[in-house]
Amino acid sequence: MISYEHFQLSNGLNVYLHEDKTTPMAVFNLIYNVGSKDEDENKTGFAHLFEHLMFGGSVNIPSYDEPLQKVGGQNNAFTSSDITNYYITLPVENLETAFWLESDRMLSLSFDPKVLEVQQKVVIEEFKQRYLNQPYGDVWLKLLPLSYQVHPYRWATIGKEIRHIEEATMTDVKDFFFSHYLPNNANLVIAGNVELKEVERLAKKWFGDIPSGKVKSRNLPVEPAQMNFREHETSSKVPLNAVYRTYHMQGRYQNKFHEADLVSDILGRSKSARLNEKLVKEKQLFNNINAYITATLDPGLLVIQGNLNQGVDMKEGIEALDEVLDDFCKEGISEQELEKVKNQSESSMLFGEVELLNRAMNLAFASNAGDPDYCNRDAQLIESINKEGLMEEAGKILKKENSNTLKYYSQN
Amino acid sequence: MLNRSLAPPFQPITHVKLPAIEEIKLNNLQNLSVAGFGTQEIIKIEFVFNAGTRFTKNKGLGALISKMLTGGTSKFTSKEIASKFDQHGAFTEISQSVEHLHFIIYGLQKYLANYLILFQEIITDCVFPEKELEIQKNIARQNLSLSLEKPAFLANRRFRTLLFGDESPYGASHDIEDINSISRESLLDFYNSYILNCGYQIFLSGAAGKKEIDLVNTYFGKNQIKQTHTSDLIIAERKPEKDKIELPSGLQSTLRTGKILFGRTHPDFFKFLVMNTTFGGYFGSRLMRNIREEKGFTYGISSNIVPVVKSGYWLIGTDVIKEKTEETISEIQKEIAILQQDLIKSEELETVINYMSGSFAGSITNPIEIMDRHKAILLNSLPKDYYDTYIEHIRDVKNQDIMEMAQQYLNKETFTNVIVGGKY
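Line by line, the protein sequences are chains A and B.
Mind the numbering: the first sequence is residues 39 to 450 in our numbering, read in order.
Mind the numbering: the second sequence is residues 43 to 466 in our numbering, read in order.
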């Protein structure tokens with residue numbers, strides 16, 4: 039349970055306080071409602087590149103990191119298809135430093151061309167290091183455009199290709215900043231041993247005079263229901279053939295999301311999950327196979343991925359996978375199996391709340407999605423799931439016409 | 043009018059005390075450490091055996107023992123063991139370092155008894171079924187071939203071998219033939235010698251009170267145990283070496299440069315630690331500012347001290363644009379020379395020290411993290427007050443010390459270098 043108090047500044051910035059008196063450290067988490075889904079399809083990777091630029095100095099403060107390090111703080115940020123999240127952990131006595139730094143870069147950046155030029159190079163190296171220079175590293179660059187046809191989830195947050203990052207201009211940077219980095223497009227969560235009055239004082243002092251603005255309207259195309267299965271083949275220098283399968287499912291806070299989440303757990307969360315038992319241990323066709331969900335805000339994906347054992351034919355592997363899925367849909371599950379995945383969910387949820395930073399982020403994600411209470415609903419929603427409800431969702435999702443298969447061949 | 047260019051006042055962290063834990067002797071005099079002040083109803087219980095890779099006769103054993111411990115007992119198959127842990131929301135993590143074998147169970151407080159029954163079964167009655175071993179060997183072989191495609195894995199492996207020598211457990215690496223050679227008998231032999239009836243240390247953290255401690259005592263306080271005695275491994279200094287591994291399709295160069303250093307109780311340890319942070323140990327380090335933020339050659343570059351029993355080693359690691367490999371190496375040298383020649387400005391030193399103090403304070407805020415620090419003290423025989431005086435030691439470091447550390451220890455003739463990457 040994540041307790042919180044809330045107020046809103048007149049410029050539209052929502053501020054939340056999650057009090058925890060047991061720790062000397064405070065968390066400052068600022069989430070902007072902008073992600074790679076807000077990009078132009080010819081300028082992908084920009085939201086993430088922009089996140090890098092946020093560390094290149096703001097209008098009144100030449101360096102972002104150095105003053106924070108000086109007061110014993112640590113910070114980082116990440117961009118997803120839905121959001122961009124900036125977070126700081128620092129001694130609670132020095133919380134005001136976080137307000138000072140974050141408010142200045144919300145006010146305006148330095149827009150230094152040298153910063154853009156260097157960060158383009160840095161992001162290109164990140165692109166290579168994570169997506170091109172690793173075995174199977176490029177899989178999401180291929181799997182997303184196969185799975186989505188119209189929704190901007192069809193490109194990865196890092197971008198479709200390096201060229202898009204190279205072509206970003208300072209005009210793009212300024213446009214993006216002034217249409218998304220606005221107080222009325224952000225949610226701020228403070229967590230730690232601090233009182234609401236103090237948070238109100240600091241929020242008003244540092245963020246109060248930042249003008250609200252017009253957020254670029256978001257008219258994202260809705261991914262139509264998939265009517266025919268799709269597949270794609272690719273190959274590279276990897277040791278084993280691999281299969282990637284996606285199914286369309288609900289978004290993170292949408293109805294029946296948790297049913298689909300538990301379906302993925304039953305299929306492929308842990309060693310005793312069905313896919314591992316049947317395909318790795320019993321039939322020994324796969325080296326590993328698991329299932330998980332993408333948990334995006336707009337309708338997401340249930341993903342199954344596995345590496346085939348050496349010498350196993352792709353077709354044979356995929357047929358065996360389909361058989362496990364068919365059996366699951368036909369036979370259903372036992373009470374015990376349902377209880378297992380509920381216990382696993384309870385466990386990860388509780389472990390996820392040990393860290394103050396995670397609690398702050400959960401609250402920030404929920405408020406960004408429209409309702410801070412979302413962060414306290416999951417336990418009850420999962421508890422209320424029964425076998426019939428779960429199987430009904432499984433039947434809707436695990437349909438052939440709702441699926442995409444990427445066959446990833448080894449060139450070795 | 044608000045002056046936004048002026049930083050608010052702040053207070054540096056000057057002292058942090060590591061919260062105390064309970065040290066309990068079970069009925070059979072086994073040690074149990076407890077950090078029981080968690081607010082979530084979760085439990086982490088870790089069993090540490092003196093059964094690290096240094097005790098294995100075959101290099102491939104390490105790749106399999108941690109998989110095969112849950113591979114079956116005379117009562118339960120591997121499938122049943124996995125189901126029982128999963129059924130009650132537990133996650134297990136079994137790993138082997140050079141010195142120890144760690145068996146960790148993360149789970150729900152209310153099911154602790156279920157986990158303990160199963161764990162007791164595992165450490166008294168493993169049977170290592172042939173069929174399970176064949177499955178695990180096949181998985182291990184294929185995982186290894188996948189790792190061998192990863193530049194970072196190749197670089198780390200080669201670097202440690204050059205640094206410590208192939209005959210040292212720190213430098214040893216296994217290949218496919220080593221995995222092939224593992225038999226059921228070799229696993230049983232290791233199990234009987236280093237796990238069955240052997241002493242271990244138990245670390246319990248999370249929501250652990252009297253009830254949980256009593257449970258542990260019920261299951262693990264009865265058996266008579268044999269104490270295993272070990273002597274310290276000797277880490278021998280070796281001649282520095284250089285090596286290049288070419289990956290025809292590589293887009294970057296993965297660099298590792300470093301040397302054998304010293305351990306956490308060495309008189310220069312904290313001085314070196316602060317010097318290292320300045321040089322490459324945090325986002326604002328000199329290497330990051332130069333190679334990433336100034337030149338854009340890399341997504342990241344860092345230097346680290348890695349403690350190894352009573353010793354340790356130091357290394358720099360990065361992945362850079364392959365055409366900029368030589369320039370990066372020469373820039374690293376330049377940064378070392380600057381540290382050796384120019385006294386660090388007090389303002390930069392203050393930033394480094396405050397950053398280190400804050401990040402240390404932020405790393406001991408929940409029972410699991412706190413227990414990890416106590417575990418480090420116990421397993422490495424560090425002074426009891428090692429972490430209570432950590433920040434004081436860091437704050438004692440002076441400008442002159444930084445220069446002296448760089449002069450004394452960062453001599454490039456003493457470095458071992460590995461480059462893995464594409465042709466350039």
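Worth double-checking, as some hints may not be accurate.
[As the list claims (entries may be wrong)] No farther apart than 25 Å at their CA atoms in a straight line, the calculated lysine to aspartate or glutamate pairs in the DMTMM-like style are these:
#, chain 1, residue 1, chain 2, residue 2
1, A, Lys309, A, Glu261
2, A, Lys319, B, Glu373
3, B, Lys465, B, Glu389
4, A, Lys166, B, Glu122
5, B, Lys121, A, Glu164
6, A, Lys159, B, Glu122
7, A, Lys319, B, Asp285
8, B, Lys364, A, Glu391
9, A, Lys166, B, Glu172
10, B, Lys366, A, Glu164
11, A, Lys212, B, Glu336
12, B, Lys179, A, Asp351
13, B, Lys179, A, Glu199
14, B, Lys364, A, Glu199
15, B, Lys173, A, Glu354
16, B, Lys337, A, Glu205
17, B, Lys417, A, Glu391
Treat the hints as calculated values from the structure; they're not laboratory data.
Hint check:
1. A:Lys309 <-> A:Glu261: With a Cα-Cα distance of about 34 Å, the restraint between lysine 309 of chain A and glutamate 261 of chain A is violated, given a limit of 25 Å.
2. A:Lys319 <-> B:Glu373: Answer violated: lysine 319 of chain A to glutamate 373 of chain B is near 51 Å, above 25 Å.
3. B:Lys465 <-> B:Glu389: 42 Å, violated
4. A:Lys166 <-> B:Glu122: Outside the cut-off at roughly 42 Å; violated.
5. B:Lys121 <-> A:Glu164: 40 Å, violated
6. A:Lys159 <-> B:Glu122: 51 Å, violated
7. A:Lys319 <-> B:Asp285: Distance of about 40 Å is beyond 25 Å: violated.
8. B:Lys364 <-> A:Glu391: 42 Å, violated
9. A:Lys166 <-> B:Glu172: This hinted pair is violated, its Cα atoms lying about 42 Å apart.
10. B:Lys366 <-> A:Glu164: Holds, at about 15 Å.
11. A:Lys212 <-> B:Glu336: 22 Å, holds
12. B:Lys179 <-> A:Asp351: 20 Å, holds
13. B:Lys179 <-> A:Glu199: This hinted pair is violated, its Cα atoms lying about 38 Å apart.
14. B:Lys364 <-> A:Glu199: Status holds; Cα separation ~19 Å.
15. B:Lys173 <-> A:Glu354: It holds: about 22 Å lies between the C-alpha atoms, which stays within 25 Å.
16. B:Lys337 <-> A:Glu205: 18 Å, holds
17. B:Lys417 <-> A:Glu391: 23 Å, holds
Hints 1, 2, 3, 4, 5, 6, 7, 8, 9, 13, counting from the list given before, are not met by this structure.
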